[in-house]
Amino acid sequence: MNDVHPPNKRALARQRRHDEILAAALQIVVDEGVDALTVHLLARRMKCAVGAMYRYFAGKDALILALQEQAVDRFADHLDAELSGQGLERVLSAFFAWHSFAQVEPALYSLLDAALSSRKRLLDDEGAREVDARLRAVLDVCAGSLEGAANAGLLAPGNAQLRTYALWAAMHGAEHFQKRDDYAGVASADVREELLLTLLRGWGASL
Numbered sequence: 138m139n140d141v142h143p144p145n146k147r148a149l150a151r152q153r154r155h156d157e158i159l160a161a162a163l164q165i166v167v168d169e170g171v172d173a174l175t176v177h178l179l180a181r182r183m184k185c186a187v188g189a190m191y192r193y194f195a196g197k198d199a200l201i202l203a204l205q206e207q208a209v210d211r212f213a214d215h216l217d218a219e220l221s222g223q224g225l226e227r228v229l230s231a232f233f234a235w236h237s238f239a240q241v242e243p244a245l246y247s248l249l250d251a252a253l254s255s256r257k258r259l260l261d262d263e264g265a266r267e268v269d270a271r272l273r274a275v276l277d278v279c280a281g282s283l284e285g286a287a288n289a290g291l292l293a294p295g296n297a298q299l300r301t302y303a304l305w306a307a308m309h310g311a312e313h314f315q316k317r318d319d320y321a322g323v324a325s326a327d328v329r330e331e332l333l334l335t336l337l338r339g340w341g342a343s344l
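To convert, note that position 166 of the sequence shown is 303 in this note's numbering; the numbers rise steadily by one, no gaps.
Among the clues, some could well be false.
Said to hold, decoys possible - No farther apart than 30 angstroms at their CA atoms in a straight line, the calculated lysine-lysine pairs in the BS3-like style are these:
1. LYS197 to LYS184
2. LYS146 to LYS184
3. LYS257 to LYS197
4. LYS197 to LYS146
5. LYS257 to LYS316
As the list claims (entries may be wrong) - Here are the simulated distance ranges between beta carbons:
6. GLY310 to ASP156: 31 to 39 angstroms
7. ALA148 to VAL187: 19 to 27 angstroms
8. ASN145 to LEU344: 27 to 35 angstroms
9. ALA150 to VAL187: 17 to 25 angstroms
10. ASP210 to LYS146: 21 to 29 angstroms
11. ASN288 to LYS316: 33 to 41 angstroms
12. GLU331 to ARG147: 51 to 59 angstroms
13. VAL187 to LYS146: 24 to 32 angstroms
These are calculated hints, taken from the structure and not from any lab test. Even glycine gets a Cβ: it sits at the ideal position worked out from N, Cα and C.
Generate the whole structure from the sequences, applying the supplied hints.
So this is what it looks like as structure tokens:
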């Protein structure tokens, strides 16, 4: 006998409301920054009582944690969809996925970008560890592509995890360079590609 029952209407309605609150919170972060996000402002945006917000989230910290977890999970899905090919082609697809995520999910990308770029800690230690555990699982996929290339003799042996963080930092920095595209003499897309290829060549790739 199948003991798994579909969620009832109340549970579905609660989940919809939960998702609506998160969407409104994310829009505040995009429009005004993380510091502007408060339960009171969110309640005004949602046109409901402040107390109603606390039935879903214990406070601002819980909201930010949920938003960051959502951003990481969506990036994980995007990375899985973008991965293609074998060897160095797979490595390139993995790290260019960070740029394409910014194009298809700009709001969630902005949240991850703020978390990575800001010196101010957005979460307490426990929350930060939760998000980092999710993010490390995503980056392990990228590390797997590098390790696979090294095992195939396409890269020199090396620490795949350290290389992953180096490449990810390069891609993240190149996204910030994109702000100069309208007036700089060098396009951010060219900078992004040069960074990626230079690092891979330094690790023994023939590109």
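**OP:** Output the numbers, in ascending order, of every earlier hint that fails for this structure.
**Re:** Hint 8 is the one this structure does not satisfy, whereas the remaining hints hold.
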